[in-house]
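Enquirer: The hints should help you fit chains B and C onto chain A, whose structure is shown.
The chain contents come next:
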Amino acid sequence: MTMQKQTFSSPIGNSVQRKEGPKKVTGRSKYIDDIEFKNCLHGTTIRSTIPRGKIKQINFAQDIPWHEFTVVTAKDIPGQNHVALITTDQPFLADTDINHAEEPILLLAHQDKILLERARQAITIDYETLPPVLSIPEAVEAQTIIWGKDNILKSYHLEKGNIDSIWSKADFIIEDTYETGAQEHVYIETNGMVALANKQDGVTIWGSMQCPYYVQKALIPLFNFTEDKIRIIQTETGGGFGGKEEYPSMLAGHAALLAWKSGKVVKMIYDRAEDMACTTKRHPSRTHHKTAVNKDGRILGLDIQFIIDGGAYATLSSVVLSRGTIHAAGPYNIDHVRIDAKAVATNSVPYGAFRGFGAPQSIFALERHLDQIARKLNLSAEEIRRRNFIRDGQKTATGQLINEGVDMESLLDRALKHTHYKQKQRQFLDDNISNTKIKKGIGLATFMHGSGFTGSGEKYLASKVGIQLDRDAKIKVLSASTEIGQGTNTIFSQIAADALNTSTEIIEIFTPDTKYVPNSGPTVASRTTMVVGKLVQSAALGIRHTLQKEGYLKPTHSEVEFRQACLNYVKNHGELTVMAEYQQPPGIHWNDQTYQGDAYGSYAWAVYVAEIQIDTTTYETKVTNFTALQEVGRVINPILAQGQIEGGVAQGIGYALYEKVNLKDGRMINANMTNYIIPTSADLPHIEVLFEEVPYAHGPQGAKGIGELPMDGPAPAILNAIAMATGLELKSIPMLPEDLMKAFYEN
Amino acid sequence: MRGLTPDYEMKTPKNIKEALQILSTNSGEWQLFAGGTDLMVSYEAGKLTHKKFLNINALHELKGFVVNDQEILIGGGCTFTQIKNHPIIQQEFPLLVNSAEATGAIAIQNRATIGGNIANMSPAADTPPVLIAYNADLILLSSKGYRIVNYTQFHKGYKRADLRADEIIMAIKIHRHQGISHSYYRKVGTRAAQSISKVCLAGVACVFRGQNIEWIQIGLGSVAPIPMQAIQTEHFLNEKDLTHENIQQARNILMDEIHPIDDIRSEAKYRKTVAGNLLTEFLESLKK
Amino acid sequence: MKINFKLNEKNISVDAPPMKRLLDVLREDLGLTGSKEGCGEGECGACSIMLDKQLVNSCLVPIAQCEGASILTIEGLGTEENLHPIQQAFLECGGAQCGICTPGMVMASFDLLKKNSNPTVSQIQTGLAGNLCRCTGYVKIIDSVTKAAETFK
Numbered sequence: 167m168t169m170q171k172q173t174f175s176s177p178i179g180n181s182v183q184r185k186e187g188p189k190k191v192t193g194r195s196k197y198i199d200d201i202e203f204k205n206c207l208h209g210t211t212i213r214s215t216i217p218r219g220k221i222k223q224i225n226f227a228q229d230i231p232w233h234e235f236t237v238v239t240a241k242d243i244p245g246q247n248h249v250a251l252i253t254t255d256q257p258f259l260a261d262t263d264i265n266h267a268e269e270p271i272l273l274l275a276h277q278d279k280i281l282l283e284r285a286r287q288a289i290t291i292d293y294e295t296l297p298p299v300l301s302i303p304e305a306v307e308a309q310t311i312i313w314g315k316d317n318i319l320k321s322y323h324l325e326k327g328n329i330d331s332i333w334s335k336a337d338f339i340i341e342d343t344y345e346t347g348a349q350e351h352v353y354i355e356t357n358g359m360v361a362l363a364n365k366q367d368g369v370t371i372w373g374s375m376q377c378p379y380y381v382q383k384a385l386i387p388l389f390n391f392t393e394d395k396i397r398i399i400q401t402e403t404g405g406g407f408g409g410k411e412e413y414p415s416m417l418a419g420h421a422a423l424l425a426w427k428s429g430k431v432v433k434m435i436y437d438r439a440e441d442m443a444c445t446t447k448r449h450p451s452r453t454h455h456k457t458a459v460n461k462d463g464r465i466l467g468l469d470i471q472f473i474i475d476g477g478a479y480a481t482l483s484s485v486v487l488s489r490g491t492i493h494a495a496g497p498y499n500i501d502h503v504r505i506d507a508k509a510v511a512t513n514s515v516p517y518g519a520f521r522g523f524g525a526p527q528s529i530f531a532l533e534r535h536l537d538q539i540a541r542k543l544n545l546s547a548e549e550i551r552r553r554n555f556i557r558d559g560q561k562t563a564t565g566q567l568i569n570e571g572v573d574m575e576s577l578l579d580r581a582l583k584h585t586h587y588k589q590k591q592r593q594f595l596d597d598n599i600s601n602t603k604i605k606k607g608i609g610l611a612t613f614m615h616g617s618g619f620t621g622s623g624e625k626y627l628a629s630k631v632g633i634q635l636d637r638d639a640k641i642k643v644l645s646a647s648t649e650i651g652q653g654t655n656t657i658f659s660q661i662a663a664d665a666l667n668t669s670t671e672i673i674e675i676f677t678p679d680t681k682y683v684p685n686s687g688p689t690v691a692s693r694t695t696m697v698v699g700k701l702v703q704s705a706a707l708g709i710r711h712t713l714q715k716e717g718y719l720k721p722t723h724s725e726v727e728f729r730q731a732c733l734n735y736v737k738n739h740g741e742l743t744v745m746a747e748y749q750q751p752p753g754i755h756w757n758d759q760t761y762q763g764d765a766y767g768s769y770a771w772a773v774y775v776a777e778i779q780i781d782t783t784t785y786e787t788k789v790t791n792f793t794a795l796q797e798v799g800r801v802i803n804p805i806l807a808q809g810q811i812e813g814g815v816a817q818g819i820g821y822a823l824y825e826k827v828n829l830k831d832g833r834m835i836n837a838n839m840t841n842y843i844i845p846t847s848a849d850l851p852h853i854e855v856l857f858e859e860v861p862y863a864h865g866p867q868g869a870k871g872i873g874e875l876p877m878d879g880p881a882p883a884i885l886n887a888i889a890m891a892t893g894l895e896l897k898s899i900p901m902l903p904e905d906l907m908k909a910f911y912e913n
Numbered sequence: 086m087r088g089l090t091p092d093y094e095m096k097t098p099k100n101i102k103e104a105l106q107i108l109s110t111n112s113g114e115w116q117l118f119a120g121g122t123d124l125m126v127s128y129e130a131g132k133l134t135h136k137k138f139l140n141i142n143a144l145h146e147l148k149g150f151v152v153n154d155q156e157i158l159i160g161g162g163c164t165f166t167q168i169k170n171h172p173i174i175q176q177e178f179p180l181l182v183n184s185a186e187a188t189g190a191i192a193i194q195n196r197a198t199i200g201g202n203i204a205n206m207s208p209a210a211d212t213p214p215v216l217i218a219y220n221a222d223l224i225l226l227s228s229k230g231y232r233i234v235n236y237t238q239f240h241k242g243y244k245r246a247d248l249r250a251d252e253i254i255m256a257i258k259i260h261r262h263q264g265i266s267h268s269y270y271r272k273v274g275t276r277a278a279q280s281i282s283k284v285c286l287a288g289v290a291c292v293f294r295g296q297n298i299e300w301i302q303i304g305l306g307s308v309a310p311i312p313m314q315a316i317q318t319e320h321f322l323n324e325k326d327l328t329h330e331n332i333q334q335a336r337n338i339l340m341d342e343i344h345p346i347d348d349i350r351s352e353a354k355y356r357k358t359v360a361g362n363l364l365t366e367f368l369e370s371l372k373k
Numbered sequence: 177m178k179i180n181f182k183l184n185e186k187n188i189s190v191d192a193p194p195m196k197r198l199l200d201v202l203r204e205d206l207g208l209t210g211s212k213e214g215c216g217e218g219e220c221g222a223c224s225i226m227l228d229k230q231l232v233n234s235c236l237v238p239i240a241q242c243e244g245a246s247i248l249t250i251e252g253l254g255t256e257e258n259l260h261p262i263q264q265a266f267l268e269c270g271g272a273q274c275g276i277c278t279p280g281m282v283m284a285s286f287d288l289l290k291k292n293s294n295p296t297v298s299q300i301q302t303g304l305a306g307n308l309c310r311c312t313g314y315v316k317i318i319d320s321v322t323k324a325a326e327t328f329k
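Chains as they are written, first to last, in our numbering: chain A, 167 to 913; chain B, 86 to 373; chain C, 177 to 329.
Keep in mind that the hints were calculated from the coordinates and are not lab data. Beta carbons: idealized from backbone N, C-alpha and C, even for Gly. Any given hint could turn out to be false.
Below are the PhoX-like pairs computed for lysine-lysine, each with C-alpha atoms no more than 25 Å apart in a straight line [said to hold, decoys possible]: (1) A:Lys603 x B:Lys132; (2) B:Lys148 x C:Lys182; (3) B:Lys354 x A:Lys788; (4) C:Lys182 x B:Lys169; (5) A:Lys189 x C:Lys323; (6) B:Lys169 x C:Lys290; (7) B:Lys148 x C:Lys229; (8) B:Lys96 x C:Lys182; (9) C:Lys290 x A:Lys189; (10) B:Lys148 x C:Lys291; (11) B:Lys132 x A:Lys830; (12) A:Lys830 x B:Lys357; (13) B:Lys99 x C:Lys229; (14) C:Lys290 x B:Lys148; (15) B:Lys229 x B:Lys258; (16) B:Lys354 x A:Lys830; (17) A:Lys241 x A:Lys427; (18) B:Lys99 x C:Lys178; (19) A:Lys279 x B:Lys136; (20) B:Lys137 x C:Lys178; (21) C:Lys186 x A:Lys189.
Negatives, chain B to chain A, calculated, CB over 10 Å [claimed, not checked]: (22) Lys96; (23) Ser112; (24) Asn205; (25) Ile224; (26) Gln279; (27) Lys283; (28) Trp300; (29) Ile346.
Chain A with its partners taken away, still in its complex shape:
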């Protein structure tokens, strides 16, 4: 018999179809609310109606058969009443003190959903109210202290050069303040969890989440169990965007507490109103820039005060602040930089992780500020950037030496050329003179986004991935990195298939289940492809190496030969699992104290261009065209990568022009899809995505992270375009028609 040699083209760089796609397009994927749990109870949450105060009394109305219900308060918690994350300030259930509206106080479960809803409406709570702190200025002023000694959740001070030595040498000193609003994730699948909990079996959780091991970490102290007794299983997850990074720990805890007390399986699915009003959102921010600049456009020094509103508890604010701080100085080479950054506490629903993680806020401020500087200096927006771009061999604000072959100037040139930027700018200026009704604008933003955890983060995480050749001779990827729509399953199968020189079809992705998969870290921070993907590659190469070493596989092989080798190996030795653990690439140094060093292993670099038009009858701004050009290392799967960028840009357009979290007493009052406005297909332009591929030495097949990047650029590019169209230097987002009208009238 002659073996037919098949030749494979690597799956890398090909738009391999989404692994779980057939299930998704046919409606056969099972999200948590789609899974039937026989005889389960349904759970619900009673929440505070005031932003700050003390619980005096909980009243149960008479006409409800309370004996049929499982009722859980803080007193029922078997372990410690805090959601373990970075700090331990946030309780699962408020015991006496209320620190924000919608704070969970009591949990209820019953088999009958209708009766449960009746009971929810039949509980009232009496409070002693205390004056709340509801804004960044109030928190900073610290007249009322609501957190720690000074309302400061976290602060950083970052310094490069000596900013105070530069003011007297500058031709101009330009100052301004920029603000960004909160943003709701609006994943279309709301948060949902199912729990089983008892002494013998411990706790099992099924649900929608990004980070199974975060949930496990939070539930260990809640029950005082060891980690082997807390099992977390991710079910198909209908979007996350950061919104299912830390909040699922809270909801899983609630479901588990009800399951613990009732002895039954308990399902908790939020409706949209509860999900919007009660879960985390993007941090609002306020950034003050004071910039020393020479008349030739060279920036001598950046002095930045960056403040984010963390809400009532610390959640992830410290790390959101960290990323925002590091990105605040942008992709520019500036000798003197000082950044004072603070996350402050207010009595708002806690803010948390959201795609971009602090960077969209600080980048908005910087990129708007640069346009203002350009205009004051009579330079073009592109020229001010060109004169200050960082280049290989230069250092970022944290002192990180850039040596990735970065060429922002070429990237800018390509974007300008591709969009006919100059030509359009002239055209629009002409059009705007003759057309009084429609004002057109074009604007850009240039920025970078670090992939992976900040500083020493990845070293501490020490992520692990396994590849298993199982008893059925199938290849399985074992990791805790979740598929939340971004394409983890597909990307991992491409990376593994490439390493094994086989086809993606034979690669299976094991369900993220803490009982079976190693901790590959959270699915956040644009780290899944670059960091975890690298581990997938290493482990897969380990499998191949073993098969070769043991004589089952030759250095080159066909797919048939590979399958045969797997079968033969398993027959003789049983299953084979190879683990890979994160090794920091050489030469990376970071100092957590001084905030100096290599903040990220690598960065993605981008130039985004927005074209807009404003209808002066209604003050509505429409983005008419959007171009996103980025250097992201090797693109593993073009369709998935484009999809990530397009989706991020769409969220960025929403952030800039549509999405306003309307807060009253720290509570979101527009907590529904009718009144919190995300763009529809009729609101968005065509989004053109362009890649520049410079392989990154330490990413799998040269890939870097891209998930968060597209969130950073749209808002400043759009507001810069509005400035071009109107001459209005707008400094806040969201820029709704109402706000734009005000700006028109004030000028």
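Expert: Using the frame of chain A, we list chains B and C on its own:
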């Protein structure tokens, strides 16, 4: 889902006669339920206080269109999809096509009925300003017979109208030969589709040689507790020339005449200014 | 009350309170979980199905209004082994990311292409404007519908 499902009753009459009979002794016990696109939203939010509904969605007597030389009758049960696809409406009443297309999106337009839209009495509804502009009449049917109410006189205050508990909005009647030379519709919503209006203006006019307004009729949404007619503005504009000064003055009159509020979707000041801008845009378009 | 209707070509009889939402009857009583609840107010379109050949939000339809109706859900359109051309196009063009809006999006595309087999981009945008997606920015969804239309031709 916060509605307490078992608490609700729904009865489906076989025909209009049975419906009217049930309603004849009705003193508000039974409320009508058509396409459900408004009621279901309140119900799911746990805010639908009324519990007994008469399902009139399938009543074919409410479904059709009647067109004669003088007028068009649109059945109260017609959906916005049916309305926007009707050839006579497309030819003669384009504003109805505009407002139907501006209502929610396709799936909503397939269910929402014009009668339900009127009876819901929302000041932010998209079609009522058009009915005001076209000077539509409502044919209200009860077991005692029918009566005709001019739509401009229908609304009496926030969620109050000249509609008895025993009546059904049988049809909307619009005259076909009004001598309209120009018409205008613009809804300013929170986004391009699936939105509730912040301000909406519908207007029709008869203009002589692009100069003189013979008559004009204007309806507005989201600027008062009810869909409102801009009577003072119309009164001022009737038989006026389209001069810059007149347009300016009309704009000022309109902005005084309307009483928008700040709410979750927009601000009074914005609504006022934009209503003025829409009127200007409409009046400028009359010159062409 | 007892309600009889046709669901994905099969005759069905359910016993449910009259105001129970069609969406809940499909998901809870009939185990068809392909239609999703994203908002519960007719805003997101994740629960879109065909009711008497018309696209509707099943969260806005009380079951009492389904007597004698003919209903098509995502489960009746195609299977993993036998994808409908629209589903095939969504798979090939990257129209599904997290997948939760996808069943509704596919149903809205089905409705659109039935009425207009050769839609322009702007017609697709309008046709799908009642279906919110938070992952894709709609670009790949529009590509998917365009591609499916080519198959239909």
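Enquirer: Look at each hint and say if it fits the structure.
Expert: These are the hints, each one checked on the structure:
1. A:Lys603 x B:Lys132: violated (42 Å)
2. B:Lys148 x C:Lys182: Holds: Lys148 (chain B) and Lys182 (chain C) sit about 23 Å apart, inside 25 Å.
3. B:Lys354 x A:Lys788: holds (22 Å)
4. C:Lys182 x B:Lys169: Status violated; Cα separation ~28 Å.
5. A:Lys189 x C:Lys323: With a Cα-Cα distance of about 20 Å, the restraint between Lys189 (chain A) and Lys323 (chain C) holds, given a limit of 25 Å.
6. B:Lys169 x C:Lys290: holds (18 Å)
7. B:Lys148 x C:Lys229: Distance of about 17 Å is within 25 Å: holds.
8. B:Lys96 x C:Lys182: With a Cα-Cα distance of about 21 Å, the restraint between Lys96 (chain B) and Lys182 (chain C) holds, given a limit of 25 Å.
9. C:Lys290 x A:Lys189: Distance of about 23 Å is within 25 Å: holds.
10. B:Lys148 x C:Lys291: Judged against 25 Å, a Cα distance of about 21 Å means the pair holds.
11. B:Lys132 x A:Lys830: Distance ~21 Å between Lys132 (chain B) and Lys830 (chain A) Cα, so the pair holds.
12. A:Lys830 x B:Lys357: At roughly 24 Å apart (the allowed maximum being 25 Å), Lys357 (chain B) and Lys830 (chain A) satisfy the hint.
13. B:Lys99 x C:Lys229: holds (23 Å)
14. C:Lys290 x B:Lys148: With Cα atoms ~23 Å apart, Lys290 (chain C) and Lys148 (chain B) stay inside 25 Å; holds.
15. B:Lys229 x B:Lys258: Satisfied, since the Cα-Cα distance of roughly 20 Å is no more than 25 Å.
16. B:Lys354 x A:Lys830: holds (20 Å)
17. A:Lys241 x A:Lys427: The given pair, whose Cα atoms are some 12 Å apart, holds under the 25 Å limit.
18. B:Lys99 x C:Lys178: holds (16 Å)
19. A:Lys279 x B:Lys136: OK: Lys279 (chain A) and Lys136 (chain B) at ~19 Å, within 25 Å.
20. B:Lys137 x C:Lys178: holds (18 Å)
21. C:Lys186 x A:Lys189: Holds - the C-alpha atoms of Lys189 (chain A) and Lys186 (chain C) are around 22 Å apart, at most 25 Å.
22. Lys96: holds (21 Å)
23. Ser112: holds (28 Å)
24. Asn205: At about 15 Å from chain A, Asn205 (chain B) clears the 10 Å cut-off, so the statement holds.
25. Ile224: For Ile224 (chain B), whose nearest Cβ neighbour in chain A is about 32 Å away, the distance exceeds 10 Å, so it holds.
26. Gln279: Nearest chain A Cβ is 5 Å from Gln279 (chain B), so the label is violated.
27. Lys283: violated (8 Å)
28. Trp300: holds (24 Å)
29. Ile346: holds (13 Å)
When each numbered hint is compared with the structure, violations occur for hints 1, 4, 26 and 27.
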